[in-house]
Structures are given as C-alpha cells and as structure tokens.
Amino acid sequence: MPEVSKMKKPDVKLVLLGDMNVGKTSLLHRYTERKFKDTISTVGGAFFLKQWGPYNISIWDTAGREQFHGLGSMYCRGAAAVILTYDVTNWQSLAELEERFLSLTDTANHNCIYALVGNKADLTDPKAQLPQDSDPSKDQTECGVERTDTQVLSACPTPPASPASLSGITLQKQVTPEDAMALYGRILRYKGLDEKSSLPAEKMCFETSAKTGYNVDDLFEALFDLVLPSILRNRNESQQSPTVDLEECRGAGNKRAKSGCC
Amino acid sequence: MERDNHQVGETEGVKICDPPCESNPPADTLATSLSLLGNHMFPDPVERNYRSTVKEEPEDSLSDITAEEESLDGDPHPHQVTKLETEETESSGCQNNVSTQQLDIENEDAATDNDRSDSGEFVVTMLAKAKLEEQGIGVKGRSSPLLEAETQEPPAFMSHRDEDVTADSWRQHRKHVFVLSEAGKPIYSRYGSEEALSSTMGVMMALVSFVQSGDNIIRSIYSDGHTVVFLQKGPLVLVCVSSSRQTEQQLRGELLYVYYQIISMLTQASISRIFEHKKNYDLRRLLAGSEKILDGLLNLVDSDPSFLLAAVHCLPIASSLRDALSQILQKAITPNLVFSILIANNQLLTIVQEKTVIEDSRLEPADVHLLLNLIGASSAFQAGEIWTPICLPLFNPDCYFYAYISYLDPPECTVCLLLLSTDKEAFYAVAECKRKIEEAMMAQNSLSLIAKVQSYSVSQVGVSDLRHFMYKPFDVPDNYRQLTQFTSPEMEAPYSSEEEKMRLLDLYRYMHSRIHSSSRPLKLIYHVAERETLLAWVTSKFELYTCFSPLVTKACAITAITKLLRWIKKEEDRLFIRNPPKYSTTPNPSKSSRGGKSDQQDSTDNGFLSLL
Chain A
1 MPEVSKMKKP DVKLVLLGDM NVGKTSLLHR YTERKFKDTI STVGGAFFLK
51 QWGPYNISIW DTAGREQFHG LGSMYCRGAA AVILTYDVTN WQSLAELEER
101 FLSLTDTANH NCIYALVGNK ADLTDPKAQL PQDSDPSKDQ TECGVERTDT
151 QVLSACPTPP ASPASLSGIT LQKQVTPEDA MALYGRILRY KGLDEKSSLP
201 AEKMCFETSA KTGYNVDDLF EALFDLVLPS ILRNRNESQQ SPTVDLEECR
251 GAGNKRAKSG CC
Chain B
1 MERDNHQVGE TEGVKICDPP CESNPPADTL ATSLSLLGNH MFPDPVERNY
51 RSTVKEEPED SLSDITAEEE SLDGDPHPHQ VTKLETEETE SSGCQNNVST
101 QQLDIENEDA ATDNDRSDSG EFVVTMLAKA KLEEQGIGVK GRSSPLLEAE
151 TQEPPAFMSH RDEDVTADSW RQHRKHVFVL SEAGKPIYSR YGSEEALSST
201 MGVMMALVSF VQSGDNIIRS IYSDGHTVVF LQKGPLVLVC VSSSRQTEQQ
251 LRGELLYVYY QIISMLTQAS ISRIFEHKKN YDLRRLLAGS EKILDGLLNL
301 VDSDPSFLLA AVHCLPIASS LRDALSQILQ KAITPNLVFS ILIANNQLLT
351 IVQEKTVIED SRLEPADVHL LLNLIGASSA FQAGEIWTPI CLPLFNPDCY
401 FYAYISYLDP PECTVCLLLL STDKEAFYAV AECKRKIEEA MMAQNSLSLI
451 AKVQSYSVSQ VGVSDLRHFM YKPFDVPDNY RQLTQFTSPE MEAPYSSEEE
501 KMRLLDLYRY MHSRIHSSSR PLKLIYHVAE RETLLAWVTS KFELYTCFSP
551 LVTKACAITA ITKLLRWIKK EEDRLFIRNP PKYSTTPNPS KSSRGGKSDQ
601 QDSTDNGFLS LL
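These protein sequences, in sequence, are chains A and B. With UniProt numbering, letter number 213 in the first sequence gets 213, and the count goes up by one each step, no holes. With UniProt numbering, letter number 171 in the second sequence gets 171, and the count goes up by one each step, no holes.
The hints are simulated quantities; they were obtained by calculation from the structure and are not laboratory data. Each statement offered as a hint is correct.
Cross-link-like lysine-lysine pairs, in silico, DSBU-like; alpha carbons within 35 Å at most:
(1) LYS434(B) - LYS35(A)
(2) LYS582(B) - LYS9(A)
(3) LYS292(B) - LYS279(B)
Far from chain B by the CB rule (all over 10 Å, computed), these chain A residues:
(4) GLN51
(5) PRO54
(6) ASP217
(7) ASN236
(8) SER238
All residues carry an ideal CB built from backbone N, CA and C; glycine is no exception.
Chain B on its own, in the form it takes in the complex (with noise of 0.2 Å):
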C-alpha cells in the first residue's frame, strides 16, 4: 500500500488528511522550521492544504518496482507526454482556486516497521501542523505564488551577491543553492549573501538535524513548483531549492558537483580536520574569494550537457593534429609530472598522462570539468604563468596536486596547457616543460592550426530533420579505461537564443530522467514535444539523445538515427580522444612510496604532497 501511495505520488502527490490530535513538541519544531522555510522560499497564500507523500522504503528497495524495457517496436510511451500536460494543467488550476502544496519528504534507514509508520503519521501530523503554525507566523513580503515555470533573470549589472534575499526576485531563481555547516554556518550561497540568509540556512539544518535525530536522513521535499533536495557530504550540507523540473536525482548530482568542487580547493580531509577541530568554525574564511569559481560552476552545470552526461566533450579535430599535439606533450616531460592537457575554447584539446600514476585508474569525467570550470573562472588575469593546488576529488580526494595553468596564444588566451605534477616545489621545471611545447608548437604551426578548429555542425551528417544530438558511447574493450566522451554538434537555429537553448537542454534534461529514472528506467524513448520530437536510445554500447523537427515519425526517427551512428562511427578519430599517449615520468627516488597496486589505500593526508 506504501508502495502504491508512491507511485501515484509521483504524479499527484496523496492526500492524507488525518487531522492530528496528540500534540508532540518536536514536532512543533520541524512544523514551524517548514512553515517558516515554505514561507521565505516559496510564498503562498494564506490557505494551504497540505498533501504529503511520505516515501518510507528506503530507496534501494524501490527497485523492487519492475523496471520496464521498451524496445524499439515497442509502444514509447506516448501517454507520457500527454500526462506532463495534464500536470500543467492541474498546476494552473489550482493557481486559480486553492493553492496546494504537495510534501513529499522520503527518509532513509527507517529503524523498525514500527518506526516507520510512527514517521509517517508523525510527518502526516507535522504537515498539517505546519498550516496552523503557519497562520501565527507574520512573514513580511508575501507575495504572489510562484508557480510559473519561467522565471525572470535579476538584473545583469546587479551581483548575485547584493541581491535583497527578501524581493520577490530572489524568490524567482530558477535553482538556488546553499551549502552550510553542521552547525548551521552558511558557506556558500548562489544568490544574495550567505550573511542575509543565516537564518534561512539555520532553518534547513534544523530540517537536516530533526529528520536525523530519528536515525533518518531528510532527502527532498516536494512543493508545487519547487524541488528542495538535500545532500549530507561529511560536514557540509548542501540544499538545492530548485523550480526547475529536473529530478531529484539530476540535483542531488549537481549538489554533489558543488562539493568536489569545495573539495577540490580544500580536500575532504582539511575540510574534516577542520570541523573536527571546531565544529563550528567558518569555512567562509577558506573560501573566501572562491565563491565565483562555484557561480561559475553552478552556471555551466546550468548551460552545458556535460554535467549531466558526466562525460567531457573534447574538440573535433583531424586525429593527425591531435596525435601531433599528443605526441609534443609526451615529450616535454619532467619528474612528478602526472597529466598535461591541451585546452582551446574550454574544451579538450588532448590529455596525456603519466603511465604508472594512471595505471588502474582513469581520470574521472567530473575531475576534468572541475579543471576546466577553474580554469574558466581564474583566467582574469591572462599573461602570467599560474601555479596553484587542486585537488581532484574523484582521483583522491585527499590529496592536493600543483597545477600549472598558462596560455599559449597571448593576448588572445584561448589555447591553454594545464600541466598537473605531484611536487610542490617543481614551478621551474613544469614552466620549462611549457617552454618546450611552445617551441614545438611554434616549429609544428600548430597555434594556427588549432586556431581553425571549430566545432561541427549538424548539417555535416546529412540527416534531414536532425536538428541536434549528444553521443555518448560507452567504454568498449578497444578504448577501454579511458575517459569518457561525449559528442556534440554546435547548437543552431532554432536553438541558438539563451532560452532555446536552455529549452533543449531542459527536454534533454527530462529524457534523461526518464532513462535513468530509478524506479522504471527506459531504454528508448520517442517523445513528441510542442516544438520537437525527440528520442532518446541507450544501448550497451552508448547513450544517444537526438532532436528532430516536429513532425518526424518514429520510423524516420529511427531510419535517420542509423544514418547518423553510421556517420559518427566513420569521424570518429576526428570527434573523440582515441588512444591518449603516455608518458613515464620516473618517480623522485626521495618520495618513492609509491609501492604499486596497494597505493590508494594508504594515501596520507598531510596535506600537501603525497598524490598517492
């Protein structure tokens, strides 16, 4: 019967409607902490009817569900479309008449069956509390409800950070993350100072401490228009209050890009000392300074699809060029040297790296997007030769490496090298391997050459109807260990405006929900929007979202989707990375603790130094 309340709580979310009578007094706490966390965050009017899904399972029993496989000639869904509709015009409907906000708060680890429906009733008790606490609490700036879908973007020449977190703009952003300490601190806001919403934050950690205090972890909460997830990592808590219709897993991803990249300018390991040390100690000081490389993160995961495809989308280039390129970097080598990477327009131009360092383990997709969003954020100041920590929290997240980052076409500053060395200390000699891949990128006339490069546009495949697609393919024996790649064309008419953009993204966005949904994972899906039809396939093999004009068939989907494999199979060495070289940078004899495969266990964490 739970089982059933959650599933069409997905849809409409349940009415429980039993008026509590016993009076608890936490949850008076966790009532006022929702109504006043509903209240700032999503404004509603004075009438509201509380309906809640409590999700009691945890979550790995959720796929218990029979997960549906569709194949090809297999009905796609159609309905589903239709019922998305139907939800926008229920959710417009009660725009009009009575406000409702639908509750959904899962937990996790639920102790007992006993315990569990105590939670259930007790959440059931506190929602409906939470109304009649809410009558009592006067909260200034109430105003419209916020249920449309589209939000305005606050003025450009304003900083996000002197935002007034009480205006209704605040309110309208479209995704909003905090991060704050276990002990209520705010670290980090992306709109408005984290001093102004101090006592916002301090709500959501009385949210996170209360759920806990019953050995439960809160995960989400649903309300009408808007999605608050919830990511526990250590001592940070990041919250995600999103209207956006991503899933919850899509931003408890994104929450999560959020803490490697704290991770990555800090370690886990300072991070914990730290908290050890003083729990409630203000990280702010740490990252003081760094708040525009985490806007510029939250920015790209926003804008660019490689977040969501955890996959790095390299430049299409001629694989003589690359393998050219490949091969300057191999050469200009230099003890402790671990990864060089050749970067042209923020994107990959090339990656090398050092064969026993890599030897089990890849680079992480993610740890290349954290680079690249530093690189993309730090480079104000171009002519100078950069030489910093980073850790790369999917790596080791313990341990810092010295990344030297300089571009190679000044003033223009377009073609980066980013150089990774374990030591410290080896600034000079790391400079002079960028000496020597200058002077061979001189000899080569490679900077001209690299200068041409374009990405590519759709129309080259030659499939009529195809407006845009992203490929990913999965490892394969032959490539096996390598990172992962996804291809993509430019994005063109009729997606060439921000908001088109943001649109297809956002379709993208839901087809990829629904692949990987947890509990009914699709394997294909042909989806007629209002403006486009899409289709989404995943094999063993790849992943492949496409975009088609309206009023494609299925049939000329499909016919055209083998046309369009065929091509990417025949430019392939042309639009991946295929068989980076290595190089053997042999170890300073002095830290040669590096004994072989037992490696990642014992990695220290002295801070500085010791990769592994």
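Only chain A is shown next, with the shape it has when bound in the complex (with noise of 0.2 Å):
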C-alpha cells in the first residue's frame, strides 16, 4: 500500500473554498496529477494527504454547492490557510466568496493565511493559454495541440463545467485582479487584521488555469511555504504534548454545533 494509508498525522490543513464550477477540484488534480479532466460536481467534501517534503499536508477540496453550505464550518475548523477561488470570468463568483463563503472560515485558525485565486484564466489571458505543465512527459502534446487549434480559431476551450463552453468565445473577463485585492483587504478587515503586519494583497491574489497548469504550482508552493511556520510550530508543540492529537478529537466533538442546516 502507498504510504498515505500508514497513519500520518496530518501536519496541516489548507481548505479550498469557493463557488460551484469555479474549479476548485480541477485546481487540486492539476497540482497533484499534473493533469486536466473532467470532473463532476463534488459532494460533501475529498480529503487529501499531499506528501511535501518532509511534511503531510492535508487539503479539503470542498463543494461549492450551496447544498453542502452547512458542513463548510467543519471542513475549516484549525486550517492553517484557506484558499478562495473563483472564475475570472464570472463576477458572481467573487461576490459569492465575500457573501457564502468568508463566514465559514470564523472556524480557521486566528493566523490563518487567506489566498485569492482567480481561476479559469485560460479563458481570457493569452499567456495563460501556454501550457505550463513542468513535467512535459504527459500531456504537454496534447495540451498543445489543442491550444494551436483553438489559437488559429482564436476562439478559447472551455472547460466543460462552465456554462460558458457553449458560446465558444474568447470570454469577457469580468473580475480583474485589483477586484480580488480590494476583496483581500476587505477579508482582512473581516477578520480584524492589520493590513500592514499581514501578507500583502499582491502576494495572496493569483490567477490560475487548471486546464494548462497557468500558475498553479506557484501558488500550492507558495502556500505550503507560508504555512511552514505553523508546520513547525505543531510539530513542536505535538512534541511537547503527545496528547495532542486526542485532545484535538475531543474539542471538535464538544464543539459539535447544533447548527441549523440550509
């Protein structure tokens, strides 16, 4: 059996958040399998253990459906970074992040890092279209195939989860990345943070594609670095205490909201 089934505590926890059909499966399957595919609508929540380096990370891939709202305060409680997608295309997206989503994350850790992420880039920026795959064994030909296609067209594939990929051109981006940063102040004003002591908003907004790898391992690696310190400060702190990991179980039993669903 692969190592992921040896019990490892996980050293971390990084949350993916954000509407339906933004892409945020597709995001965390280009990261960890270097590929694009069809995915279907998530349920619940998928848990995975991504070994980095010498530390497990654990993610949550969540589902955007407003169906699964209220188990989204569960998937966040201790997370150490939370990363907010949303499509460049689609404005509602954004808005939905600052309306559904930033809510859920009052159970993440008070130093939890927050991530922007602008997905679907692909769709409206000419060099996100490049594929970016740095491991070109598997399916650069392919990918680039099909972007030469489409550049002759000069119309742009979409990924099928969109409701755009019927129209079959290029998109109008609707959410620029001065609208993500200005919502990253916004989330640090939310969670009572200093503008100036925090990440700044430069550093914490991408712009990704899923579908040709635009940008996408730059930001789980930037991620993971961030979250470094808290990776350390656990494993100290697990090492003071070997209990921890029990007591951790309990308070999230205690905690156990009767929360209202829907």
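Assembling the complex is the task here: the two chains are given apart, and the hints tell you how they should meet.
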C-alpha cells in the first residue's frame, strides 16, 4: 500500500473554498496529478493528504454547492490556509466568496492565511493559455495541439463545467486582479487583521488556469512555504504533548454545534 | 357499469363520445392544457378522436375485483400473450388510419356520488373540447406520430442537458422524468434544460392543480403510445412520460426513487421548510450539481432489476471470505458509527450495522440503492476520502448521516468502503477506522481475493435451456429483518447486447406487473414470448423469474425450476449475505437522547445531527 495508508498525522490543513464550477477540484487535480480532466460536482468534501518534503499537508477540497453549505465550517476548523477560489469570467463567483464563504472561515486558525485565486485565466488571458506543466511527459503534447488549434480559430476552449462552454468564444474577463485585491483587503478587515502586518495582497492574489497549469504550482508551493511556520509550530507542540491528537478530536466533538442546515 | 368500463378500458379504452353542449370555463383551461401537453409530448395528426376512460373509484375499491390465483396445474393464461399481440396490431392499424388517443384519467377521492358522475361527464367534456381547442392552437414542429415502441437514442456526444426540446429526438426518448415544485417551477428534467421546458412543466402543474381544485388527485394519463404518471410528494410534483410498456404502478415506483434521491440530498424536513417559507423557491439552487446523480439513478432504474425487485444484489463470494471481511469491519469502530459497508464493482460485499440503532429497523433496499448510486455517480475523482452528509429517506427522511467514502484499491477504484456516522465532526475518527480496515485487509490479502470474485454464469446451475433468472427470497424467521436481497447470474448471450438486455428486462417487467397487478395478481405465469419462454412464480417464500429458450414446455420449465431452487439452496451461503454481524458503538453521552424504542417519534429535524 502507498504510504498514505500508514496513519500519518497531517501537519497542517488547507481548505479550498469557492462557488460551484469555479474549478476547485480541477486545481487540486492539476497540482496533484498534473492533469486536467473532466470532473463532476464534488459531493460534500474530499480529503487529500499531500506529501510535501518531510511534511504531510492535508487538503480539503470542498463542494461549492449551496446544498453542502452547512459543512463548510467543519472543513475549515483549524485550517492554516484557506484558498478562496473564484472564476475570472464570472463576477458573481467573486461576490459569493464574500457573501457565502467568508463566514465559514470563522472556525479557521486565528493566524490562518488567505489566498484569493481567480481560476480559468486561460479563457481571458493569452499568456495563461500556454501549457505550463513543468512535467512535459504526459499531456503537454496533447495540450499543445489543442491550443494551437484554438489559437488559429481564435476561440477559447473552456472547461466543460462552465456554462460558457456552449458559446465557444473568448470570454470577457469579469474580475480584474484589482477587484480581487480589494476583496483581500476587506477580508483582512473582516478578520480584524492589520493590513500592514499581514501578507500583502499582491502576494496572496493569484490568477491560475487548472486547464493549462498556469500558476497552479506557484500557488500551492507559495502557500506551503507560507504555512511552514504553522507546520513547525504544530510539530513542536505535538512533541511537547503527545496527546494533542486526542485533544483535538475531543475538542472538535464538544464544539459540535446544533447548527441548523441550509 | 363503471367497473366494466374500467376493465375493458385496460385493454382497449372505451369510447365515450357524448358531444358536450354546456360550456364550462374551467374545462377550457384543462382542455387547453391537455392539448398543449399533448402537442408537446406526443404530436399527432390533426384529426384526433379522443376515447377516454375515467376511473372514478378510489383505488382501494379496485381490489374488490376477484384476484385470480393460478396454481401450478391451472391454465396459466396463455391468452395473455395473444392479447398483447392483438394490441400491437391494433395500434399499428391506428397508425395508418385514424390515429386515436385514449386518455384515461384516474381520479382519487371523489367526494360524493354526484360529484363522481359530474367529474366523469366533465372529463369527457373537456377531452372532447381538447380536440376542438387543439385545432386553434398552432404548434410548431408537428411530426409523425410517435407510435413505435422502439425509439432511437440521441447521439451520445451531446449532453442531455443541452438537447433541443423541440426536436423529434427529444420526444422519442423512452422515458422522460420531470420534477417541479407546486408553484410550477422546474426543478429537474431528465432530457433538455429545465428552462427550455418551463412552459411544458407549467402545463403539467396546471393539470395537477386543476384536478386538485375538484378535490381529486391526478394519477395518470394514458395515450396511444405513452403513459403519463403523476406523483405528488409534499411540495414536489414528479411526472413521468413513458413509452415503455411499464405499468403505472412500476412507473410510480420509479418516480418514488427519484423523490427519495432528492430527499437523500436535502432531507424531507428541509424541503418542506424551504417551501413553507417561500412558495416559489427555485430548488435548483440547492440541487445544482446533483443532476448527474439523478441522471445516473434513472439510468440504473432502467438497466438494473434491483429497483424493480426492491432488493439488493450482493456479490457472490465464499462465505468464509465474506465472514472474514465482516469481522474486519466489525472490529474497526468508533463512537457514533452506525453502518459499515464494503462494495466491489458497485455490488455489496458485506454490510455491518450498529446494534442499538438498527434494533427494530433494518436497512431498506431502496436506501442501499441510493447509496450505491451516489457512489457510482460521484466517483470521478477517486483519490480522496469523501465526507458528505446523506439522508437515508426510508430510515429517517428528516435527518442526515455523514458518509465517509473511500476506495481501498487506488488507482483501479473498484473496492469501496462506505462508513456512516451520525456525527458530523467524526471524519478523522472514521478515517482512522478506514486505516484499521485497510491494514487488516492487507494482512489477510483480502483485496486480491476480492479482485478474483466474479458474478456467476447461469451454466453453473447445470440446467439446460435456462438462460437467466432472478430469485428473491422473502424473510423467513431464520434471517428475519435482514436486508432484502436477490440473486441473478450475469446476462449472457443472447442477452449480451444492450438492446437485448433491455428487451429481457422489459419482459421481466411485464411478468412483474402481472404478478403484482393491483386488480388481478397472479401467482404463476408461463409466458411464451417471441424469442424466449418465461416463467414467473411467487410463493410465500420467494419470488422467482426465469427465462428459458423458446421451445421449453411448461412441464420442462417446472422441472428446471425445481432443479434451480435446489441449486440456490445449496449455494445460499455464497449467493447471499447471511447473518451479518453487528457491533456496538457506545453512543456519545453528550447526545444520548436516544432513549430506546420511542426514538422514531421524536426525531427532531434540526438539519444535521440527531439521527434518532
């Protein structure tokens, strides 16, 4: 069996949040499997353990559907980083982050870091259309061919999950990086964090394309680097008190709120 | 006399051609609705003669009709076959001459006798009107009548969601399913987008509410090639338009599965709450992304006899292996864990359940079907461990369980572990159970043993001429309160192609409908079909459907069945999950509101949690 099956305590927790169809699962899949493939709407949340150097990083890929809203705060409990994902071609997906998802992060760590990620950049940005995958063995050729075709036709292929895929034309970018950075500022204010002492917006706002791989590795690697202090702190704590694992479990159990659904 | 009408109506429909003279304003509405719906769903030549049958008795009184029971020696209705054929010739005759449409509306709960005759007359009135109205309403895209039973599948490359709902191919789907809210808002359509169908669904709602305004409930409409079945469940209305030859009863059962699948995602309590709060709520907001789960369910309903039989098909494995697997599951427990289910290739390997929770109730087959469908439809990204709320509607329609779903054999992803907990926060504890199970299975080399497991071939039974069968034992005191199961071999030649499989299933569905007919149930049917002979037999102990090569005589078939039953008895331990073990997971004291037997009543609906 792969090493995952050996019980390993995750060192740190990352959560992907965002409206449905923005490409959370695709982003993660691109990063872990180096591929872009059709995904179907996530049910509930999916838990992954990513080995990063000597560390185990747990990643929760959550469902964006309103149906599963009630579970959001459970996934976020104790998170060290939250990736708030939106679709650059869909203004509403950015608005939803503020309306629906931000409050879910209340259960995250107090020193949790927030990243804003605009996915599907390949639809609006020519530079995101080039295949980015650093591992050229697998799908670069396939991807490259596809891209050449589409550039000739000056039409952009879109991820199948997007409703815009029917139109088959270059899509209007609806969310600019400035919009995202403004939202980042509001998030810090919501969290009561000082803008000066927090990570700067330029560093925490990304535009990615799960389809071409554009910026995806940069995003995850940057976040892993940033949560490293948390990892080390966790490791220290668990060395000092080996019971932390159980404690955490019990704590979670007690906090079980009688939250109404939907 | 009404009853006579009904009986004849079953086969041919009754001509009632009193031309109405009084004008009835509501009748106009319904007539328009009917003709609109008719035009959209089944276009016909302009000339239409409506023949209508109105069933006026409440359904219960139908049972007055003497139920015929046939013994082994009795004449097992050979004329039934002929009758079917007659029907076919008749309808093809209609195709050439005047196409007729027989509408058959059953009304439930007629208030008084007077009302009944009124409503009967009224329906005739409006149907006759429908014919007139129709000529006034121009509808695009009228085409050849849809009389063929066999229909073409649309090109596979096109998503059903994007289908053009005005195209002929859309009309030719064998079975449409629509879900709408009481306010007439579209919620789901199997083919085509809900938006494009909003007017059609509006017409359906008009029909429902019109009949409702007369204190009746619309149950079904019969036309030449189609059966339209309505099912109203709380604030949801489900409609099936089918050109398969399934009975209304079967179609309604399928709609119920659709309803349950929606409940499994949202719970009944929250659906009622939502619609109490806001009548015209667009439920698609909550179901968005779940269409594929419903699509998958409907495909399974069409292709998997488990749904027809309301029983679960488990994978045949040596009882020693099954027991070993059960014990592994039994040992890996954590507080609030209630079910541990092991699945291979979407079939059950074993199921272990918590003692106190299931003391009085067993897991219903339909709940298992919904779980299996959820896993099948949501396994695109199989590497992760999934944690999701799910409601088991027959167990408790108002509360959620939390399901942990993980494949044990990545990247093949055939063996799936499903653990159900009542605790929303229990993910890490439940995931730990999985590790224990994984370790134990590795130690016993279970995965490679499971990988060798296959469904069995009918040739193993050693009965010549037997092509296929489905055997469903009923609860006997021994295994009382166990999951209802059935066993069935692989479908082999000549039933290897999809079309042939479907044809055999259709034959089984026909046999099933005869056995379970509400008006005249049969105990034994010997049915000579065109290319095979079927025998269905129901006793107090089992229900059995068998398929033989065409030239088998009744006597031969019965001898063969005796052999088959003997074989099943011998193989029982391999074919079925027998005596599954249970475990006890001490309930978390913080919420031990489960007092014992009275649990079922005080189930609160605070969304998540509190299963009992």
